[in-house]
Amino acid sequence: MSITKYKAFLKVAELGSLTKAAQALGYSQPNVSHMIKTLENEFGFSLFIRSKDSCTLTKNGESILYYCSQIVKNDDLLHASVQGIYGLLTGSIRIGATNSNMIDFVPKVIHRFTTSYSGIELLPRELGAENVVRELKSGNIDVAFIEEEAVPDELKKYFTPLYKDPLCVILPPNHPLTALDKVPSDRIKGCDFILPIVPGTDNVSEFSDVLSRMNPNIRYKAASDLAIFGMVENNLGISIMSKEMTKYLRCKVESREFAEDLSRTQGVLVSSDEHITPAVQEFISVAKTVELE
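The numbering used here puts the first residue of the sequence shown at 32, with every later residue one more than the last.
Rather than coming from a laboratory, the hints here were simulated on the basis of the structure. From a predicted model like this one, the values you see are computed outputs, not experimental measurements. Heads up, the beta-carbon is just placed ideally off N, CA and C, and yes, glycines get one too. One or more hints might be untrue.
Straight line, CA to CA, 27 Å or less: simulated BS3-like cross-link-like pairs of lysine-lysine [said to hold, decoys possible]:
hint	residue 1	residue 2
1	K274	K213
2	K168	K283
3	K83	K36
Ranges of calculated distance between the beta carbons of each label pair, as one might list FRET restraints [to be verified]:
hint	residue 1	residue 2	range
4	S85	E264	39 to 47 Å
5	I80	Q312	36 to 44 Å
6	E322	T145	13 to 21 Å
7	P61	H142	34 to 42 Å
8	N72	T145	40 to 48 Å
9	H306	E264	29 to 37 Å
10	S82	S147	40 to 48 Å
11	S82	E305	37 to 45 Å
Full structure from sequences and hints, please.
Structure below.
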């Protein structure tokens with residue numbers, strides 16, 4: 032069984048184009064087309080609806096996509112395990128991370144890991160919490176950095192806590208609450224507030240549980256952290272976000288931690304501990320050694 036044609040199938044499905052898939056894989060377009068045709072002959076049905084500029088999965092193609100991805104994944108696991116037996120660490124690690132993790136922690140882990148293991152390719156992707164979980168379950172990423180609250184119950188046993196991420200109040204420079212070193216959560220009640228929402232939604236906020244106890248006066252909503260900082264800077268209200276998000280922004284705003292211990296536990300998640308490659312195991316070990324300032 033040739034794994035190459037399964038990889039070609041997955042890449043065409045991902046990019047929606049024979050030409051783009053060929054470029055990504057380093058093959059000629061006719062070669063990739065031949066591999067897809069070979070698979071279609073083996074299965075006895077079409078995998079794609081082809082047009083001049085694109086390829087769209089047929090329903091039959093969609094139905095086997097997951098299983099083909101598992102074939103490729105297990106082949107990678109097999110080779111990684113064999114290499115691990117010989118004491119080698121090679122291959123690649125596909126990383127998914129939420130925005131607050133990608134801003135500081137994950138880059139530090141990647142830097143420390145690549146210093147010791149330059150032969151392993153790291154492929155990070157920034158994703159929303161729901162997408163991180165979905166991509167992990169589907170086998171499209173090998174490891175995820177995510178807050179504990181977003182981990183589904185069936186995966187909690189595969190979650191490793193790494194650090195506490197405090198929540199902060201974001202304030203205009205002239206706001207009365209800037210006089211406080213730390214802000215009691217009940218001081219947020221009634222304040223004009225900019226609600227951070229999950230991109231693609233109208234009202235879903237990752238801070239809903241915390242905010243339900245504070246009862247702020249929600250005046251505006253925004254999905255972009257930069258938009259929230261700009262709105263706060265222009266005195267449209269105050270907001271709340273991860274402390275990690277405040278490190279590299281240069282807007283004229285103030286941030287204060289809460290007087291109470293309001294924080295999220297951030298950590299690393301895998302879909303199973305039975306088939307982790309030696310490279311992923313070492314990557315997680317390195318992540319455990321990284322500390323934030």
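Evaluated hints:
| no. | hint | in the structure |
| --- | --- | --- |
| 1 | K274 x K213 | holds, 13 Å |
| 2 | K168 x K283 | violated, 41 Å |
| 3 | K83 x K36 | holds, 22 Å |
| 4 | S85 x E264: 39 to 47 Å | holds, 43 Å |
| 5 | I80 x Q312: 36 to 44 Å | holds, 41 Å |
| 6 | E322 x T145: 13 to 21 Å | holds, 18 Å |
| 7 | P61 x H142: 34 to 42 Å | holds, 41 Å |
| 8 | N72 x T145: 40 to 48 Å | holds, 42 Å |
| 9 | H306 x E264: 29 to 37 Å | violated, 48 Å |
| 10 | S82 x S147: 40 to 48 Å | holds, 47 Å |
| 11 | S82 x E305: 37 to 45 Å | holds, 42 Å |
Violated hints for the displayed structure, listed by number in ascending order: 2, 9.
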